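Asks: Sequence:
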Amino acid sequence: PAVFQVGFALVIVTVLAFVFERPLAVSFVPESILAVVWLGLLGSGLAYLVFFRILGRWGATRTSLVAYLLPVYGIALGALVLHEPIAATTLLGTGLVIGGIALVNSRYGTRPIFAARNRAERQPG
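Letter 21 of the sequence shown, counting from 1, is numbered 21 in this note's numbering, and no numbers are missing.
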C-alpha cells in the first residue's frame, strides 16, 4: 500500500538529509515540526485521499488526465503571483491541453476499446 511507500521514502530521505546536509543547521523548533506535519498531513495526505477517491469514481484513464493540468496551473500561478508574461504559443498549448482533456471526457472519448478492435477485425483487408 501507499503508506509503506511513503514510510520507506521518509526513512531514506531522512538518512540522506543527515548525510548530505549540514545536520547542525536543522532546527527542531515546534514551528518547523508543526509546518512539516501540516504539509505532510494536508499537502500529501489529503492529496492522496482525494486522488484515490477520484480514481475510484472516474477510473485510471480519466484520473491520469489531472497530470496534464499541472503545467497549466504553473502557468496560471506564474502569471498571477509572479506577473510572468504569457506568450501566444503558451496560450495555444494550454488550449490544446484543455481541449484534449475535454475530448477524452466527452462522449467521443468514452467509446470502448474492444468495440473499435472488433470493427477493425471485421473489415476486410
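Hints in this document: simulated from the structure, not taken from any laboratory. All values derive from a computational prediction rather than experimental measurement. Ideal Cβ positions, reconstructed from N, Cα and C, are used throughout, including at glycine. Possibly wrong hints are sitting among the right ones.
Claimed, not checked - Label-pair restraints from in silico Cβ distances: (1) Leu16 - Ser44: 30 to 40 Å; (2) Phe20 - Leu103: 24 to 34 Å; (3) Ile98 - Val19: 26 to 36 Å; (4) Leu70 - Gly7: 37 to 47 Å; (5) Gly99 - Trp38: 29 to 39 Å; (6) Arg107 - Ala9: 16 to 26 Å; (7) Thr89 - Val11: 39 to 49 Å.
Asks: Work down the list of hints and note, for each, if the structure agrees.
Replies: Hints, verified against the model:
For Leu16 and Ser44, the Cβ-Cβ distance of about 18 Å falls outside the hinted range of 30 to 40 Å, so the restraint is violated. For the hinted restraint 24 to 34 Å between Phe20 and Leu103, the CB-CB distance of approximately 45 Å leaves it violated. Between Ile98 and Val19 the beta carbons are some 43 Å apart, a value that contradicts the proposed interval 26 to 36 Å. The hint said 37 to 47 Å for the Cβ distance between Leu70 and Gly7, and at roughly 25 Å that hint is violated.
For Gly99 and Trp38, the Cβ-Cβ distance of about 37 Å falls inside the hinted range of 29 to 39 Å, so the restraint holds. Take Arg107 and Ala9: their Cβ atoms lie about 40 Å apart, and the range 16 to 26 Å is violated. Here the CB-CB span from Thr89 to Val11 is close to 44 Å, well matched to the stated 39 to 49 Å.
Checked against the numbered hints above, the structure violates hints 1, 2, 3, 4 and 6; every other hint is satisfied.
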